[in-house]
Amino acid sequence: MSGNLLKTELMGIPMNTPVLTASGTFGFGEEFADFVDLSLLGGVMVKGTTWKPRRGNDGVRIAETPSGMLNCIGLENPGVEVFLRETLPRLAKYRMNVIVNISGTTVEEYGLLAEMLDVPGVAAIELNVSCPNVKDGGIVFGTDPKAAAAVVRAAKKWTKKPVILKLSPNVTDIVLMARAVEDAGADAISLINTLMGMEIDIHTWRPTLGNITGGLSGPCVKPVALRMVWQVAQAVKVPIIGMGGISSWQDAVEFFLAGASAVAVGTANFVNPHVTMEIIEGLESYLQEKKLSNIRELVGKVNCG
Amino acid sequence: MVLPKFSLDAEILGQERMAEAVYRMTVHCPEIAEVAQPGNFVQMRLLGGEIFLRRPFGIADADAGKGTLTFMYRVLGRGTAAFSCLRPGERVNVLGPLGKGFCMDVERPLIVGGGMGLSPLLFYAKSMGKKADVLMGGKHASEMFWTKLFELYAREIYVTTDDGSMGTKGFAVSLLPELLETKNYDAVMACGPDIMMQKTAELSKAAGVPCQVSLEKRMACGLGACLSCSIDTAGGMRKKVCKDGPVFWAEEVFL
Chain A
1 MSGNLLKTEL MGIPMNTPVL TASGTFGFGE EFADFVDLSL LGGVMVKGTT
51 WKPRRGNDGV RIAETPSGML NCIGLENPGV EVFLRETLPR LAKYRMNVIV
101 NISGTTVEEY GLLAEMLDVP GVAAIELNVS CPNVKDGGIV FGTDPKAAAA
151 VVRAAKKWTK KPVILKLSPN VTDIVLMARA VEDAGADAIS LINTLMGMEI
201 DIHTWRPTLG NITGGLSGPC VKPVALRMVW QVAQAVKVPI IGMGGISSWQ
251 DAVEFFLAGA SAVAVGTANF VNPHVTMEII EGLESYLQEK KLSNIRELVG
301 KVNCG
Chain B
1001 MVLPKFSLDA EILGQERMAE AVYRMTVHCP EIAEVAQPGN FVQMRLLGGE
1051 IFLRRPFGIA DADAGKGTLT FMYRVLGRGT AAFSCLRPGE RVNVLGPLGK
1101 GFCMDVERPL IVGGGMGLSP LLFYAKSMGK KADVLMGGKH ASEMFWTKLF
1151 ELYAREIYVT TDDGSMGTKG FAVSLLPELL ETKNYDAVMA CGPDIMMQKT
1201 AELSKAAGVP CQVSLEKRMA CGLGACLSCS IDTAGGMRKK VCKDGPVFWA
1251 EEVFL
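Each protein sequence line maps, in turn, to chains A and B.
For the first sequence, position 96 (counting from the first letter as 1) is numbered 96 according to this note's numbering, and the numbering increases by one without interruption.
Remember, this note's numbering sits 1000 above the position in the second sequence when you count from 1.
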């Protein structure tokens, strides 16, 4: 790393780089320790955590699409107690910012989870109100501005950690959602989660995925994500963590220009396990070439004049 | 034991059609060939074209001396079709070695394989150095090129085909009770269709012989992160085929 080109701060959290990894695509970080210097990442948004353990969905869970994939994992996770007791202590040695992504079935459950995770070793909490793959909750809170705001207020009430709300793209007006969660006190907004999609097997006439529908991610969603980040950046003052199909440093630059203060890499980790390191190197070279002294000088600089 | 993992671009040395839609591909990848164990797999990514995700391939041979990895695979969809079009000299990205392999600490194993399930078992047979017998099943004699490959490494080979065009007519498992009774196997290693592995697990248990099975599931990362390949195991535990497997003790997943 050359100097402090990429050093930044988000919600009061110092970050070596503004490159994070998106929840559900990077496990708990440790799975990628052979390929990535985890301390170089701005943070690892760990696999979605719920109050009780969840076994996830049955049947086929992924399908490839043109330039992307569908998934319907369904929030499989061991539950917050196992996370706190077994996973979190194990992560200490990697010196990374652990951002815990949480999903609740009620507003109260978000508050409860936020309180349980108000412990050393957790850098921030990301509220997942946009998982399209579970029936009891998640998306319900992600498509109604009042419900999303209530989730933010519940989390903020019960934790001193910074609270990020992850927006769903499966709404008519993303700006309305963003304003609602900012007003409710969210410290940052991350977007986008997956776009709801589907595949049908033309030989069996059945949906490919066990859950019938799934979330679309990968390079194919990048233009949608970028547009939404740009729209939200016009409307809110809190920092934005941009994500959705980022697979290269060039993609990341676009998100910064659109108004993201940090980016998260998701599906690309499956294809290239050290893609985040390549993105970090590429961003540094780009800033040097553009004679910029810090990544912050790039944020929101798209010229739509 | 957790093996070091690599993600490397590897040159294709050979691509050979073995039977209708069945191919053998060899790549030069010394780092992975050096450490791979029988039952491990790799996730391969095409460096150009429209295939986005990696595809898992069981390792049919790892030759540390030559630095090569060999894969046997059937063309089933767009991904494997694209792999079959690769020619020597082209490159492919190889991520591995991945997963937990077969138990090597046995003296007299019986290998039970059906169709492409024989692929990882070939590496196992070689590594066991003429200690293993092989019971193999296939649809038709035209697919049983496997006998020639296993002849180099196996003690005895028993063959069944669905239509009787080679060996005994029927499924591989139909010969299993007799073999388990008359031979003194101390383990059974199975890979093939689920129904075959299930039956093999049941018969092995009845005969009191420990059995391992190698499972196959759609997966994206191969590293235990995406949870695409999650399965139910004994005691209600969820496990990942890519990281906790693909080889499991049969009681864990079938019984």
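Simulated from the structure, these hints should not be mistaken for laboratory data.
Check each hint, because a few of them may be wrong.
No more than 25 Å apart at the CA atoms, straight line, and that leaves these computed lysine-lysine pairs for PhoX-like [unchecked claim]: (1) B:Lys1217 x B:Lys1183; (2) A:Lys52 x B:Lys1239; (3) A:Lys93 x B:Lys1205; (4) B:Lys1100 x B:Lys1139; (5) B:Lys1217 x B:Lys1169; (6) B:Lys1169 x B:Lys1100; (7) B:Lys1131 x B:Lys1239; (8) B:Lys1243 x A:Lys52; (9) A:Lys146 x A:Lys157.
No experiment lies behind these values; they were computed from the predicted model shown.
Hints, verified against the model:
For a cut-off of 25 Å, the pair hint linking Lys1217 (chain B) to Lys1183 (chain B) is broken: about 32 Å separates their Cα positions. Restraint check for Lys52 (chain A) and Lys1239 (chain B): satisfied, since their Cα atoms lie roughly 17 Å apart, inside the 25 Å limit. Distance hint between Lys93 (chain A) and Lys1205 (chain B) is unfulfilled; the C-alpha atoms sit about 43 Å from each other, more than 25 Å. The hinted pair formed by Lys1100 (chain B) and Lys1139 (chain B) fails the criterion: a straight-line CA distance of about 29 Å is larger than 25 Å.
For the suggested pair Lys1217 (chain B) and Lys1169 (chain B), the alpha carbons sit about 29 Å apart, so the restraint of at most 25 Å is broken. The suggested pairing of Lys1169 (chain B) with Lys1100 (chain B) is violated, with an alpha-carbon distance near 34 Å, which exceeds 25 Å. Restraint check: the Cα-Cα separation between Lys1131 (chain B) and Lys1239 (chain B) comes to about 31 Å, which exceeds 25 Å; the hinted pair is violated. Between the alpha carbons of Lys1243 (chain B) and Lys52 (chain A) the distance comes to roughly 23 Å, so the proposed pair stays at or under 25 Å and holds.
For the suggested pair Lys146 (chain A) and Lys157 (chain A), the alpha carbons sit about 16 Å apart, so the restraint of at most 25 Å is met.
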